[in-house]
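What follows is the residue order along each chain.
Protein chains: 2
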Amino acid sequence: MKRYERYAAEIAEMIDKGVLRPGERLPSVRHASTQRRISPATVFEAYYLLEARGLIHARARSGYYVSERLQSRAPQTSRPKQRSAAVAISDLVFDVLGSTRDRNVVPIGSAFPSAALSPLQTLARHLSHGMRALDPKRIVDDLPPGNERLRRQIARRYAIDEMRIDPAEIIVTNGALEALNLCLSAATRPGDTVAVESPTFYAALQALERLSLKAVEIATHPRDGIDLDALETALRRANVKACWLMPNFQNPLGSLMPDDKKQSLVALLAKHEVPLIEDDVYAELYFGPRRPLPAKAFDRKGLVMHCSSFSKCLAPGYRVGWAAAGQFSKQVERMKLMTTLSAAIPSQQALSGYLDQGGYDRHLRKLRRVLAAQRDVAMKQVAEYFPEGTRVTRPEGGYFLWVELPRHIDALELQRQAASRQISIAPGHLFSADGAYTNCIRLNYGHPDDQRIGGALRTIGKLAGDLGSGVSPKGARSA
Amino acid sequence: MKRYERYAAEIAEMIDKGVLRPGERLPSVRHASTQRRISPATVFEAYYLLEARGLIHARARSGYYVSERLQSRAPQTSRPKQRSAAVAISDLVFDVLGSTRDRNVVPIGSAFPSAALSPLQTLARHLSHGMRALDPKRIVDDLPPGNERLRRQIARRYAIDEMRIDPAEIIVTNGALEALNLCLSAATRPGDTVAVESPTFYAALQALERLSLKAVEIATHPRDGIDLDALETALRRANVKACWLMPNFQNPLGSLMPDDKKQSLVALLAKHEVPLIEDDVYAELYFGPRRPLPAKAFDRKGLVMHCSSFSKCLAPGYRVGWAAAGQFSKQVERMKLMTTLSAAIPSQQALSGYLDQGGYDRHLRKLRRVLAAQRDVAMKQVAEYFPEGTRVTRPEGGYFLWVELPRHIDALELQRQAASRQISIAPGHLFSADGAYTNCIRLNYGHPDDQRIGGALRTIGKLAGDLGSGVSPKGARSA
Chain A
121 MKRYERYAAE IAEMIDKGVL RPGERLPSVR HASTQRRISP ATVFEAYYLL EARGLIHARA
181 RSGYYVSERL QSRAPQTSRP KQRSAAVAIS DLVFDVLGST RDRNVVPIGS AFPSAALSPL
241 QTLARHLSHG MRALDPKRIV DDLPPGNERL RRQIARRYAI DEMRIDPAEI IVTNGALEAL
301 NLCLSAATRP GDTVAVESPT FYAALQALER LSLKAVEIAT HPRDGIDLDA LETALRRANV
361 KACWLMPNFQ NPLGSLMPDD KKQSLVALLA KHEVPLIEDD VYAELYFGPR RPLPAKAFDR
421 KGLVMHCSSF SKCLAPGYRV GWAAAGQFSK QVERMKLMTT LSAAIPSQQA LSGYLDQGGY
481 DRHLRKLRRV LAAQRDVAMK QVAEYFPEGT RVTRPEGGYF LWVELPRHID ALELQRQAAS
541 RQISIAPGHL FSADGAYTNC IRLNYGHPDD QRIGGALRTI GKLAGDLGSG VSPKGARSA
Chain B
121 MKRYERYAAE IAEMIDKGVL RPGERLPSVR HASTQRRISP ATVFEAYYLL EARGLIHARA
181 RSGYYVSERL QSRAPQTSRP KQRSAAVAIS DLVFDVLGST RDRNVVPIGS AFPSAALSPL
241 QTLARHLSHG MRALDPKRIV DDLPPGNERL RRQIARRYAI DEMRIDPAEI IVTNGALEAL
301 NLCLSAATRP GDTVAVESPT FYAALQALER LSLKAVEIAT HPRDGIDLDA LETALRRANV
361 KACWLMPNFQ NPLGSLMPDD KKQSLVALLA KHEVPLIEDD VYAELYFGPR RPLPAKAFDR
421 KGLVMHCSSF SKCLAPGYRV GWAAAGQFSK QVERMKLMTT LSAAIPSQQA LSGYLDQGGY
481 DRHLRKLRRV LAAQRDVAMK QVAEYFPEGT RVTRPEGGYF LWVELPRHID ALELQRQAAS
541 RQISIAPGHL FSADGAYTNC IRLNYGHPDD QRIGGALRTI GKLAGDLGSG VSPKGARSA
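These protein sequence lines map, in sequence, to chains A and B. Just remember that the working numbering sits 120 ahead of the position in the first sequence, which is counted from 1. Just remember that the working numbering sits 120 ahead of the position in the second sequence, which is counted from 1.
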């Protein structure tokens, strides 16, 4: 990090913590320069950076001021119906996602960050090297639970945060999605009810639908996650057999459950003997001082089935994830063996080689910095372009903004209009089986290399404004 | 192929076709040399080769004679109970297979051929090259149905045999196992009955068990596959919802269904509107003059869900297979997207690069020659070492022998005794949910590079002989 970036980060933190409040004036450039013993140019660069991120703004002949905080316009805790119901959402998900596969589309609706953020060339070297060095006999040995060295490396990364996960508990899978699906299969029988956040990641809803499970959607706060009181009510009333949650940087809300709340969550579920399927794929993409712990860290009964992967933070397309499935480990391993046998050996070899070589943490630091800056840019653009009354989350990690548009705007119509302009967005309809969030959209800010994003957000904001004011896309009033 | 190998192959074919019969004398070396215009040394080398394969034998001062054909001691058509029943075999399969993972074990019970037979170094080159050359944006494009170039290449290989499979119908999967499981899910609901061969590959039984399906095991001939009359009876009586069959080189029998019989099979199933899940992973490992057609070649209604992979014939551990699922294609593609998203991109890139470069057919020709020779060696060893009354198949492709031991020998006990001597075998118990085949074993002859195989077959034969005569492994009579 350069000196001006460090100084900008300090100010951003003061704004974050409320030390500097909206409307307050920042120190003058001369004052800051003298006091901090840095050059005026450095102060200017820091202020420009903060301005670009929308955190401060200049007033003519007066200096820099802290901007109105977007967080004050964040969405409220969701209020789902909290009844257990069958899920039928898959067709809609496929319809909407199918239209965004064209590579000419601006990928704001995508679930993936830009692959250009990954060290693809370095990984490619490890692919070839790892497979050349491999004893042919090992190819069969790496059947589930997976490459032993890789499982030790994964366990070692948890150990840095003083989490003890036994490598023997870790099962390597085809990405986190397979891990989550296997865990869900292991913990439920058709007809069971599963508690999920509201809104929740559509893949969770699809998994429930595929396995003929019912969903009960639980109220969730956009900053600190699922409402434990609401969850407890559901546990008492709805005969919940499992939970599928994302305590860290939830998709789509971006919410981050504080560690003590995670501890309460795990205790609550332990009391009811209900397993937790924990989707933790964004944990490494934190913008705060350290990696948030997974709920698994507080698990004493082996009820937490922790799932993660390298797909979002390192190696898209390599399809390597894992499950640490506690008391369900043996069952998950067997199911893996029966359905897809093992994750690809070249992918496992390459990742193991890469992790060994030690570039991963450096890569992650850079990735977090890029995503944090891009979050600020995207929030500024939403504040600037989107209609009055829009609310937006301010996630502390990951790469999604959750945007609540004025109530009468239909996100599915917005998605269609955006698609006709070669822009994808993810309408709120995808994130609930209950027909909620019809005025919400999820925006992906994980493509900072895509020069078209700014213009696309402007277009979406304009389309939303027109929909809100009853103006049809061609400018004529709708009936 | 060298000249003596060519000559040996000609004689082997004459023996195969009955032109030369067991007990008949071969032409003298001088006679053959004059007639064929090849050197006596070449004739000798051909005869030595045939002798090593157990097809002919020398009698002192008399010349070479065609050996008693092992095929005359082949097992008969199986006679399963043909009733529809729930499946509970998975635990046994895991118990038995779990004990064979140690790499110090002689892998005669393995389901895989030796990885040393694969062009691993060449594939490793294509891994790195393919991923370096890849446009990062493509990484997301290769979600299901999979890498487009690879799907075209797969379709092109079918086109050589004048089979038209539309690349758009092909879905790339994590090996054939995932393809088969997805197809089975698409074609059935829990409680349905599925017809399988008897004996059948244990992975099929496990898949049925996992999805709460019932199996009806159909009589199957060790040479030409499932008995169509028996299948028709089951179709009429058992409310069969799908079939899972291996027309080409069935595992474990090695049976090869003649093409006209495949046509009748497909017509029969079409009449009953029953989909066929076709496991075709061994088709490229034929020893005859050309690749046998899949049942899919005769499909007019889109009822054949054809599954195959590169795992057995080219790239073990790369986990790349495919399904051409006919009218179920869209459903299979969606299920793939929901459960494991996609096959690993590096593996797909590497295979596509390798197929393009044109080394595949050369590799396959060599592999077939090696396996065919090894089949003969293994059959000779079984004939030599195994107890009187043993019957064995003579497969025309693949790498499994199915051995029927005298009736009172328990293959599970034999497996345990072999395991204690660091030798794995696959006991017949694994290949039926009905408790049949308790005196049968499947032997893998796909490890010609493993010098321990001969000695291990001798040990197994000895153990079987002792079990048959009531001698306990330590030489004392059992109670």
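None of these hints come from the bench; they were simulated from the model. Misleading hints may appear alongside valid ones.
Any copy will do: because identical chains look the same in the list, a pair fits if it lies in one copy or spans two.
To be verified - Below, simulated SDA-like cross-link-like pairs (lysine to any residue); rule was C-alpha separation at most 20 Å, straight line:
#1 K122 x S153
#2 K257 x R203
#3 K582 x R541
#4 K257 x G218
#5 K361 x A390
#6 K486 x R527
Right, here's what the structure says about each hint:
{"no.": "1", "hint": "K122 x S153", "result": "within (16 Å within a copy, 85 Å between copies)"}
{"no.": "2", "hint": "K257 x R203", "result": "neither (52 Å within a copy, 41 Å between copies)"}
{"no.": "3", "hint": "K582 x R541", "result": "within (12 Å within a copy, 75 Å between copies)"}
{"no.": "4", "hint": "K257 x G218", "result": "between (41 Å within a copy, 16 Å between copies)"}
{"no.": "5", "hint": "K361 x A390", "result": "within (12 Å within a copy, 42 Å between copies)"}
{"no.": "6", "hint": "K486 x R527", "result": "neither (38 Å within a copy, 68 Å between copies)"}
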